[in-house]
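Put together the whole structure using the sequences plus the hints.
2 protein chains.
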Amino acid sequence: MNAPDPLAPLLRELGPDIVSTDAGLRQRRAGDWSGAPKAVPPAILRPRSTDEVSRCLALCHRLGLAVVPQGGMTGLAGGGNPAPGQIVLSLDRLAGIEELDREAATLTVKAGTPLQVAQEAAQEAGLYLGLDIGSRGSCQIGGNLATNAGGNRVIRYGMARAMVLGLEVVLADGTVITALDKAMKNNTGYDLKQLFIGAEGTLGVITRAVLRLHPLPRSRTTAFLSATGFEAGLRLLRRLQSELGGVSAFEVMWPDFYDYVVGHPDTGVAPLPKGQPFYVLTEYEGNDAAADGGRVEAALAGALEAGDVTDAVIAKTEKEARDFWIVREGLALERLPHLVNYDVSLAIGRIGEFAGRCRDALAKRWPEGLSTFYGHIGDGNLHISASAGAAAGNVEHEMDEIVYGIVGDMAGSISAEHGIGILKRPYLSRSRSPAEIELMRRIKAAFDPKGILNPGKVI
Amino acid sequence: MNAPDPLAPLLRELGPDIVSTDAGLRQRRAGDWSGAPKAVPPAILRPRSTDEVSRCLALCHRLGLAVVPQGGMTGLAGGGNPAPGQIVLSLDRLAGIEELDREAATLTVKAGTPLQVAQEAAQEAGLYLGLDIGSRGSCQIGGNLATNAGGNRVIRYGMARAMVLGLEVVLADGTVITALDKAMKNNTGYDLKQLFIGAEGTLGVITRAVLRLHPLPRSRTTAFLSATGFEAGLRLLRRLQSELGGVSAFEVMWPDFYDYVVGHPDTGVAPLPKGQPFYVLTEYEGNDAAADGGRVEAALAGALEAGDVTDAVIAKTEKEARDFWIVREGLALERLPHLVNYDVSLAIGRIGEFAGRCRDALAKRWPEGLSTFYGHIGDGNLHISASAGAAAGNVEHEMDEIVYGIVGDMAGSISAEHGIGILKRPYLSRSRSPAEIELMRRIKAAFDPKGILNPGKVI
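Quick mapping for you: the protein sequence lines, in order, are chains A and B.
All the letters of the first sequence, read from the start, carry residue numbers -6 to 452 under our numbering.
All the letters of the second sequence, read from the start, carry residue numbers -6 to 452 under our numbering.
Simulated from the structure, these hints should not be mistaken for laboratory data.
Be a bit skeptical, because a hint or two may be false.
Note that identical chains are pooled: a pair holds if it fits in a single copy or bridges any two copies.
Said to hold, decoys possible - Derived pair list, reagent style SDA-like, types lysine to any residue, alpha-carbon separation capped at 25 Å: (1) 443 / 387; (2) 312 / 324; (3) 357 / 270; (4) 312 / 284.
Given below as structure tokens:
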């Protein structure tokens, strides 16, 4: 065996079942699709239990080896990408539903469980997991929590954080913190789980979680509509929330997004004519299957009458609702040359102004480019997918400066839901003050004094 | 002037407007009503701005003076009680609404603002603050957040934590952390605000907050009913949630509570006959004023037909609804001799068994006593008010051992919503492992290395 130096003690103490040096696996674990720097790791640790995670970390801690925790690698910020020489700790074998407690309406899952498996387990019991993101089939619960995932239903159910009742975490030195609470309330000292949620694996490795479930909705109504502009869209959101209660999705698209996406042959559907000032996909999940469709129609009729909405179509079939979502997912954007994606948040009322300023600044700098705006405005979250055009080439850094400059000006956040990872680390100070970053460093030092957990990420 | 030693530099550097040595004020600021140890502080610091809070803390930090932050002093765990010689920092002058942003549906408030003032400001704008507790008129937002208050509507809107979008905090050394976000999403590094929420003033002093508001409900239906037992009550809860959506309150009472309270002349109302196995007060806030009453009636009719509910009355007037709440508030309990109150949480399905075990153990030890059980079971939260009887005297410590012993056995929490303060500090280890308490200590040391902030509380 001519393995590099750190591998010998890992293999000796953990054994070849846990420590994989398989070339294909290592290749696949080199990084995510974000374009952030990646590297083929020398080894992958694949523990099957919390105890094995603890043994892995205790050993790496003793040896002073950097460890990069990995879930489904569907992140968009390089948060799970190893740097050269860093060992990967994969949670993929620590998977499965542990318990569904119907009385408490809780789901206890291991970290490596795919989100969709958890969603389906809830549904089979007549309950509902409020977390949903596009990568549901391959992302894992542990990664969802480590990145505090957002997604399509935040407006109704909150971020991933809002679903966590209990958490089990292994610290850098192998200490296991088991706090698998099933109740919504536990005010006994500092709420430690909140720190691990969204820390992108830099403070501990999540191994199990107790998730809160909601009642399964009895109806779902999906509508696609055009509005006279951003302000009208915002009034529509408040109208629907006030008349219907919990709107479960409210996704908006500016015409630069809509016209490009429905005009592209990859999309293949177009719910409404192009060229309107603003588009909205909204979904209402209710509890009265007989009445809910009529209530949505009445609310939309009110918005039409008020002049905010210019056209609306309600999905008559599941297929039609899926088609609406296909437009919103906008996969055709990936055809744009040198695409750069942003995920920012702002006070809701300022999003219209922000989009306008950003569009103008990018168009002025790259007249041949295209910038598209869309997102979850109910959560204050805007996505931008922009291209400077084929001729401009890769201008990511310059574009970052323009976009994040306006974000900083308008007191926004440079990462609403995607996290910091490596990709946004240079820009953390646009959204966090030196005092905040200093506190983060103190927390990191208190939790992981040797700095072995996902070094180089977040801070 | 013959003030004790630390007062001279405080007065010299902060002036008599900020530093009060008024005897009456000091007397009133000696502690809360919990019965936890209290002491008249030598001085009260009364800053009017974040900058003044910063100056107060920077000075105390330099002098090594212990500081106890105080809000409305409505807590139930002695979290704001000074020990002898400790200076009090009162937030009462740092009060008022700073901004109500209708578009973002957010309320920016100073820490000393009474909860009710914040509720009313939201309501005037046609919006709704989901936080409500009995002491709304005198408790303050800063204290609500520092203790992560729960209350009556957690089942629908979550704990105080769920309402916080942004926070401004002053650290022990006077450093100001201003993170007054208005968006629901901000995944830029560790979510520091989560640590200050519920830390009971031991990690920093909250000075301002941005609170998330909800649409103002258009209807409210309040019902009081009797059920065949705990299991039937739990089935009723799930039925209402499934048929109606967001139930806004679901308060339960065992007959030891109900029969005592409605039988006491202080109460003066009795919505239903005594002697039933289980009572429930439930409230539904909806968005369809014309239809909601009928929907609640239909859901209750289903529960009656299923045999879970034995009797039900729906409030026809606001007065009648308030009377239902008067029963649930159970003020007559305070007439019991040597009353001891508990606030525990458990997995919801285990609450019935827990109440039975607790009642039996207390009745066996003190046959002349009375223990009453009630609470917010939708949140997994049970309150116990117990008396060993007039003859037994003050047996709090022995009673704690019995109750917390069963809580520990059943993997529950010794404080669901009241916090730890001084009163429950000896029992923290019943709900938190040594590894968790060690992590809390490390956080405390990282945030407040000199230990000047609310020393002796929580950990």
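Cross-check of the supplied hints:
1. Taking the shortest alpha-carbon separations for residue 443 and residue 387, neither the intra-copy value of 37 Å nor the inter-copy value of 50 Å comes in at or below 25 Å.
2. Taking identical chains as interchangeable, the C-alpha atoms of residue 312 and residue 324 lie at most 25 Å apart only when both belong to the same chain, with a minimum of 18 Å there against 56 Å between chains.
3. Taking the shortest alpha-carbon separations for residue 357 and residue 270, only the intra-copy value of 21 Å comes in at or below 25 Å, while the best inter-copy value is 73 Å.
4. In this assembly of identical chains, the alpha carbons of residue 312 and residue 284 lie at most 25 Å apart only when taken from the same copy (21 Å versus 31 Å across copies).
Hint 1 from the earlier list is the only one contradicted by this structure; the remaining hints agree with it.
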